[in-house]
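> Residue numbers (our numbering), protein chains in the order written: chain A, 1 to 427; chain B, 1 to 427.
These are computed hints drawn from the structure, not numbers from a lab.
Any given hint could turn out to be false.
Remember, identical chains collapse to one label, so a pair may be satisfied in a single copy or spanning two.
What the hints assert, rightly or not - With a cut-off of at most 30 angstroms between alpha-carbon atoms, the simulated DSBU-like pairs for lysine-lysine come out as follows:
#: 1; residue 1: Lys-341; residue 2: Lys-174
#: 2; residue 1: Lys-281; residue 2: Lys-392
#: 3; residue 1: Lys-341; residue 2: Lys-281
#: 4; residue 1: Lys-192; residue 2: Lys-228
#: 5; residue 1: Lys-28; residue 2: Lys-228
#: 6; residue 1: Lys-281; residue 2: Lys-228
#: 7; residue 1: Lys-192; residue 2: Lys-64
#: 8; residue 1: Lys-28; residue 2: Lys-70
#: 9; residue 1: Lys-392; residue 2: Lys-28
#: 10; residue 1: Lys-192; residue 2: Lys-174
#: 11; residue 1: Lys-392; residue 2: Lys-174
Residue strings, one per chain:
Number of protein chains: 2
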Amino acid sequence: MSDQATVDYTEMWTDLGLNVPAHCAVLKLIGPAYEAAYLSQSDRPEGMAYFDFVMSEIHGLRIKELLDHKAAGGSVIGTFCVYVPEEIIRALGGQGIGLCAGAEVAFPEVEQVMPRNTCALIKSFMGFKLGRVCPYIESTDLVVGETTCDGKKKAYEVLGTMHPTHVMELPQMKRPEDRALWRSEIDRFVEKLEELTGRQLEADALRAAIREVNDKRRALQRLNEARKADPVPISGKDALLAVQVAFYDDVPRFTQMVNAIADELEARVADGAGVAPAGTKRILVTGSPMAIPNWKVHDIVERAGGVVVAEELCTGSRYYDALVPEDGETVEDMLEAITDKYLGVNCACFTPNTGRIDDIMRMAEEYEVDGIIHYALQFCSPYQFEGYTVEKAARAAGTPLLRIETDYSMEDVGQLSTRVEAFLEML
Amino acid sequence: MSDQATVDYTEMWTDLGLNVPAHCAVLKLIGPAYEAAYLSQSDRPEGMAYFDFVMSEIHGLRIKELLDHKAAGGSVIGTFCVYVPEEIIRALGGQGIGLCAGAEVAFPEVEQVMPRNTCALIKSFMGFKLGRVCPYIESTDLVVGETTCDGKKKAYEVLGTMHPTHVMELPQMKRPEDRALWRSEIDRFVEKLEELTGRQLEADALRAAIREVNDKRRALQRLNEARKADPVPISGKDALLAVQVAFYDDVPRFTQMVNAIADELEARVADGAGVAPAGTKRILVTGSPMAIPNWKVHDIVERAGGVVVAEELCTGSRYYDALVPEDGETVEDMLEAITDKYLGVNCACFTPNTGRIDDIMRMAEEYEVDGIIHYALQFCSPYQFEGYTVEKAARAAGTPLLRIETDYSMEDVGQLSTRVEAFLEML
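Assemble the whole structure, with the sequences as input and the hints as a guide.
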């Protein structure tokens, strides 16, 4: 973290308009949290050293890279959701940065502009903005929101009064009429970025971007494929971190580093080596997204002697599972393919959303899990509601399921640990 | 209420599959609540005797009428929202019945199938269903839901496992692409009802239904127009009840009765007579819908010596303000007009929803209000969020605003009364 960094970024943060003392305080929270959750682990893949470095420079070097990218004529586009097509951002010379935030920051100020009973993720992103402690959002030329839930939909109206914001309307069903609406939103997104960047979307650039982003997804697929082995070669926490970092790291570098970790994991699997003994209880985690530094549930499970082997999350399989077909010849072909790929994601914002149940049950089988943890952020209605449906499906399949509802505070860690321990014992 | 009714409906309720003892208990809650809130008022318009009768037969005579209507080949369609076009239901021989429920019923059972932190309105409709205490829903051939908020959207998935349910996808913006989606939903709704009823939508029937429903709205407009006078000729509670009953009463009879009340109110206005002295503090209420028997806020305001003169609510101006043009010649013309009229309603489910702010500030002026109460059901995120925007607009206009967040319990009545009294004193 910054307090270990050799470079002093104070001037950069000041230039970005950050509240430097408050920002320092935030970094001093994240740093020790990372050390406690991550550096305490044994037998980590050597390749994870890259992520330790990334985390130590999370508000430093990466921000400098983004500012250099902007100085060279590029744009930085902030997003909050897996539905915003990164391919289009990249093809127009932009870098896409996931802004979802996983820490309690400036919540008292947030509650001056939005309801107290909003989920921690939304309060967090607003807190990072209101508290002026996020160099990412301050580096963006534009933030792209979407209508995935009531809270985000209305929060973007508030954000729009403080920062350039573009909202994509995600439909709520997946029929042809909905696809038509979504396709028009993809076109509107292209127009918005063309206007912002002064560039025009070209087939070659879009094709290259599709390949690059697919390569990132393929690397994550490889890493996650290795988690099917018993013993599992990487902790759930480390695998979760890889997807979390995928949202804001430099794409080709990230892909290369994750492939290096995947090489290592495949060698471990061939050797029968793992981070936990064979037979350790294997857990699938599904539900609300987990943004850095929200490692709470994984940490609890793995401290309790289980291991998380898969995530059906936006910071999990929903992010990397599907690829955009690479055979499109024209921009039109490729935008059609992008429309379908993104509409294919099974978020709880859709009704019905039975595809998510299928995904969970398929993954439970493929990863040979002993149990499922359904994780919902408090006040995240869509996932809270689906918790009931998922529990029913798991029961029908004979797979034990534990429902957890929590926020970003650490007050319930003791109680959750007790529940998770009892769950693992029961498996 | 039923315990005053001379007819015994037990057999009818049993035939509908109600839990008769539990249903009795519900009626015994609503009856005294109505007496306390309504019959205690003085100087009520004589025409309100009709509503006293309607309320005394709320689960009796009206249900019998609906069952007779079904026996004669008609259908009964349940709805939860002002966006479902009643004209289409009527033109296909149906009666539309608003099912939103305003009482705490079977909440422990509800919390077995949906999150505890769901708004009281949604929990209530599910409770009426799960507790088998609502003869309306049990009389319906079909319930029509809509995607207006996360809670309702996901609750209909649960309801769909217990009752025939059709969900209309309301878009989240109001651009041409959204109108196209909404138009296709109107067509799908027509198809669904044609299939259900075995009838075909004909121009003459649709034209007649448009007029009939417009007549209902015009009657409510007249009643509400009279509330602009000072002294105000009708209490807010009585005016609210008229709109609440509009959702499920026989349309032509209701229209006739409300017009009779409007005649009476206009005479009162001409005579300078009112239910409260001239100069009584005049309040506009805006926010989440209020379903029978949710009269909590109006009751508190009027007991505290103020008077509610207008409601910018789904059970208020959003219900009756706009008419469907009556000059359509073909079914196509009329469906186009219906598409626009309904998409015109300014619900907090839209982003942005600045039209609602305009409506509120216009009404505040037209009704010469002294203050605004922004009412949000707890966990009703869309209206909770907009509370901040509405407060800002009111402040800019120099109109005092009080934000209330509550549920259906009576536990906070003392505290709310204190706040409302302080607010009225300050005006």
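> Each hint needs a verdict: does it hold in this structure or not?
Consistency of the hints with the structure:
no.: 1; hint: Lys-341 / Lys-174; verdict: both (12 angstroms within a copy, 25 angstroms between copies)
no.: 2; hint: Lys-281 / Lys-392; verdict: within (21 angstroms within a copy, 53 angstroms between copies)
no.: 3; hint: Lys-341 / Lys-281; verdict: neither (33 angstroms within a copy, 57 angstroms between copies)
no.: 4; hint: Lys-192 / Lys-228; verdict: neither (41 angstroms within a copy, 46 angstroms between copies)
no.: 5; hint: Lys-28 / Lys-228; verdict: neither (35 angstroms within a copy, 59 angstroms between copies)
no.: 6; hint: Lys-281 / Lys-228; verdict: within (13 angstroms within a copy, 69 angstroms between copies)
no.: 7; hint: Lys-192 / Lys-64; verdict: within (25 angstroms within a copy, 57 angstroms between copies)
no.: 8; hint: Lys-28 / Lys-70; verdict: within (28 angstroms within a copy, 69 angstroms between copies)
no.: 9; hint: Lys-392 / Lys-28; verdict: neither (42 angstroms within a copy, 36 angstroms between copies)
no.: 10; hint: Lys-192 / Lys-174; verdict: both (24 angstroms within a copy, 18 angstroms between copies)
no.: 11; hint: Lys-392 / Lys-174; verdict: within (23 angstroms within a copy, 37 angstroms between copies)
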